[in-house]
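Given the coordinates of chain A, work out where chain B should sit on it, guided by the hints.
Same order as they appear, the protein sequences are chains A and B.
If you use my numbering, the first sequence corresponds to residues 1 to 330, in order.
If you use my numbering, the second sequence corresponds to residues 1001 to 1330, in order.
One thing to keep in mind: the hints can contain errors.
Simulated pairs of lysine to any residue, SDA-like, Cα-Cα distance not exceeding 20 Å [as the list claims (entries may be wrong)]:
1. 254/A to 1227/B
2. 1254/B to 223/A
3. 1257/B to 50/A
4. 1138/B to 268/A
5. 38/A to 88/A
6. 16/A to 277/A
7. 254/A to 1143/B
8. 1114/B to 1281/B
9. 257/A to 1281/B
10. 109/A to 277/A
11. 254/A to 1066/B
12. 254/A to 1223/B
13. 257/A to 1204/B
14. 1257/B to 223/A
15. 1254/B to 255/A
16. 1204/B to 57/A
Non-contacting residues of chain A with respect to chain B, defined by C-beta distances greater than 12 Å in every case (computed) [said to hold, decoys possible]:
17. 93
18. 176
19. 290
20. 329
The hints are simulated quantities; they were obtained by calculation from the structure and are not laboratory data.
Even for Gly, the Cβ is constructed at its ideal location relative to N, Cα and C.
Protein chains: 2
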Amino acid sequence: MNKQVLLAGRPTGMLKESDFSIIEITVPELQDNEVLVKIDYISLDPAMRGWMNAGTTYIRGVEIGEVMRAFAAGTVLNSKHPDFTKGDAVTGTMGAQSHAVMQGKHLTKVDISKVPLSWYVGILGMPGLTAYFGLLDKGQPKAGETVLVSGAAGMVGSVVGQIAKIKGCKVIGIAGGKDKCNTLLNEFGFDAAIDYKATENIGKAIKEVAPNGIDVYFDNVGGEILDAALLNLAMNARVVVCGAISQYNATEVKGIKNYMKLISARGTMTGIIVFDYFPRATEAITDLSKWLIEGKIIYKEHVVEGLDDFASTLQMLFTGANTGKLVIKV
Amino acid sequence: MNKQVLLAGRPTGMLKESDFSIIEITVPELQDNEVLVKIDYISLDPAMRGWMNAGTTYIRGVEIGEVMRAFAAGTVLNSKHPDFTKGDAVTGTMGAQSHAVMQGKHLTKVDISKVPLSWYVGILGMPGLTAYFGLLDKGQPKAGETVLVSGAAGMVGSVVGQIAKIKGCKVIGIAGGKDKCNTLLNEFGFDAAIDYKATENIGKAIKEVAPNGIDVYFDNVGGEILDAALLNLAMNARVVVCGAISQYNATEVKGIKNYMKLISARGTMTGIIVFDYFPRATEAITDLSKWLIEGKIIYKEHVVEGLDDFASTLQMLFTGANTGKLVIKV
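Chain A with its partners taken away, still in its complex shape (with noise of 0.2 Å):
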């Protein structure tokens, strides 16, 4: 039998319990170049509140009914495909279920020699190479300079701090809470933390510990913090846009009000989209994985059994109550 998790509403504001329903089929037998997954792991990733809303962005919505989109890592149970065998280790978007038929195409094998297979729904998967990619490829920082990072604390945030250390800059992290903040300075080696629920003027918190101004700012949430950042770029910054967080379940969303420092600045803003770079996957994952061996890259995963709360495990997201990288072990 396969449960699955089916998207069940359109969300306004904060998603619920009520928008996802959970039912159990049967698997269906394997056609020619088809593969099952016995899903062990699921991501979940800020993303998915976008991807609950009708129409299309970077990607279509999901519609009413369907299994919910998931990144998730696996093991083969039985293949049709030249390329796989049982017991291969795979990662693919599989979606939100305990057992997926896959094209073979659609999914990547992945060496757990050395790392944990959880590691490819993280680190070493979409939000790993998220961070990668949208700090050096898109925000080009250079020794020396101040990386500033939104979301610190949370996946994404806490591996482009932590690279943007390997690479000699200097880094600030904002996050919420005293023990978020700590977390950054203690154990992800950040230079300065800026706990914005404590924060009056956040953009004057920035000025403090970035006195000659952000070189490259990457933003993890959108809103107020986003402005907050524009009005302490340096001259020639580079805003990469990540997410907004803060923003996925407004009814209303909030305008920026400081892009006009783009211009004074010479800076630029961008988006990074993480699937545009997976034909480089290998560059990321070679190097993450090395940092993280070597015990440069500090890697904590939040893990919580079972697809039966996947209302409220995705929510945790939102409301900032997990620590580390939020993981469904099926």
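Okay, now just chain B, sitting in the frame of chain A:
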């Protein structure tokens, strides 16, 4: 005697008569390396509104009691600098006044054998260079692409659109009023014109004339029109932010809400500051002069005589009352 326009106040909202005072003083005696210039033409530019504010953005604000900063063209009356002699035509940031004593190194000699002197404060001066480098260097339009420009009947916008046509693009202009839109279509050769004053939903109007999206958006106005343009970006679109004339006199700046579209469109948003391109001015002047002489660019001036109505003349830029490049003939 030298007639000078001094900054007398810092406006909140729309600038007013009392923000300037007009005085007459004696011209001081020339020191070594100085040049006395009789100013013939003064350029009025939207950027002046920003220069009236306190503080520093890309350039420091004009001080209260100081001659209002302005780009101007004139004729050398007397010179103690080896490179200049009486009768030379020159340009420079000489201020809003009838005469200027300038360091020779801050003046540029110009060739008026083929084009009139006044063109050097417009099409061959700052606004012309802004259009040229903003579009070609920042916007990088390719033949067959769709270029959208706002403030399209204005000095910068009309030149941006005409250069884009020369480069083989489809060109859409946004302007206020039927007359201006007719000028875009019938005189400047635009492919489509949107009258924002007569259009309820600008985003939808852009979509109708550019169903495949906008490849280059050259923004002169900011605010709601920028937001509407962002909604319509094509993949890999370039947004060039040149100004935000709709916001210069606003007491509360309107935020832009659709910047997330930069992510899904893999777009970039960048600013243009013309000062950065002064070392490359000859490139632009050569091309623009050629296109003007060949009749490929039509250039209109709106000449107002005398310095006495400086404030009300400058206001015309923000009410849209001028038709063509606004110039004061001293």
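Hint by hint, here is what the structure shows:
Using a Cα cut-off of 20 Å, the hinted pair residue 254/A and residue 1227/B holds, with the two alpha carbons roughly 12 Å apart. At most 20 Å may separate the alpha-carbon atoms for a hinted pair to count; residue 1254/B and residue 223/A meet this at roughly 14 Å. Pair hint residue 1257/B plus residue 50/A holds up; C-alpha atoms about 16 Å apart against a cutoff of 20 Å. As the CA atoms of residue 1138/B and residue 268/A are separated by approximately 10 Å, the hinted pair is consistent with the 20 Å bound.
Taking the CA atoms of residue 38/A and residue 88/A, the gap is near 11 Å; set against the 20 Å cutoff, the hint holds. For a cut-off of 20 Å, the pair hint linking residue 16/A to residue 277/A is broken: about 32 Å separates their Cα positions. Annotation: proposed proximity of residue 254/A to residue 1143/B is violated, straight-line Cα distance about 36 Å (limit 20 Å). Pair hint residue 1114/B plus residue 1281/B holds up; C-alpha atoms about 18 Å apart against a cutoff of 20 Å.
Between residue 257/A and residue 1281/B the CA atoms are separated by roughly 32 Å; this puts the pair beyond 20 Å, and the hint is violated. Proposed proximity of residue 109/A and residue 277/A is supported: the alpha carbons are some 17 Å apart, at most 20 Å. Taken as a hint, the residue 254/A and residue 1066/B pair is broken in the structure, with Cα atoms around 39 Å apart against an allowance of 20 Å. Restraint check: the Cα-Cα separation between residue 254/A and residue 1223/B comes to about 13 Å, which is no more than 20 Å; the hinted pair holds.
The straight-line distance between the Cα atoms of residue 257/A and residue 1204/B is roughly 23 Å, outside the 20 Å bound, and the hint therefore fails. At most 20 Å may separate the alpha-carbon atoms for a hinted pair to count; residue 1257/B and residue 223/A meet this at roughly 9 Å. Annotation: proposed proximity of residue 1254/B to residue 255/A holds, straight-line Cα distance about 7 Å (limit 20 Å). Restraint check for residue 1204/B and residue 57/A: the C-alpha separation of about 17 Å stays at or below 20 Å, so the hint holds.
The Cβ of residue 93/A sits about 18 Å from the closest Cβ of chain B, beyond the 12 Å cut-off, so the non-interface label holds. Every CB of chain B lies more than 12 Å from the CB of residue 176/A, the least distance being 21 Å, so the non-interface label holds. Every CB of chain B lies more than 12 Å from the CB of residue 290/A, the least distance being 29 Å, so the non-interface label holds. A cut-off of 12 Å between C-beta atoms confirms that residue 329/A is not in contact with chain B; the least separation is 30 Å.
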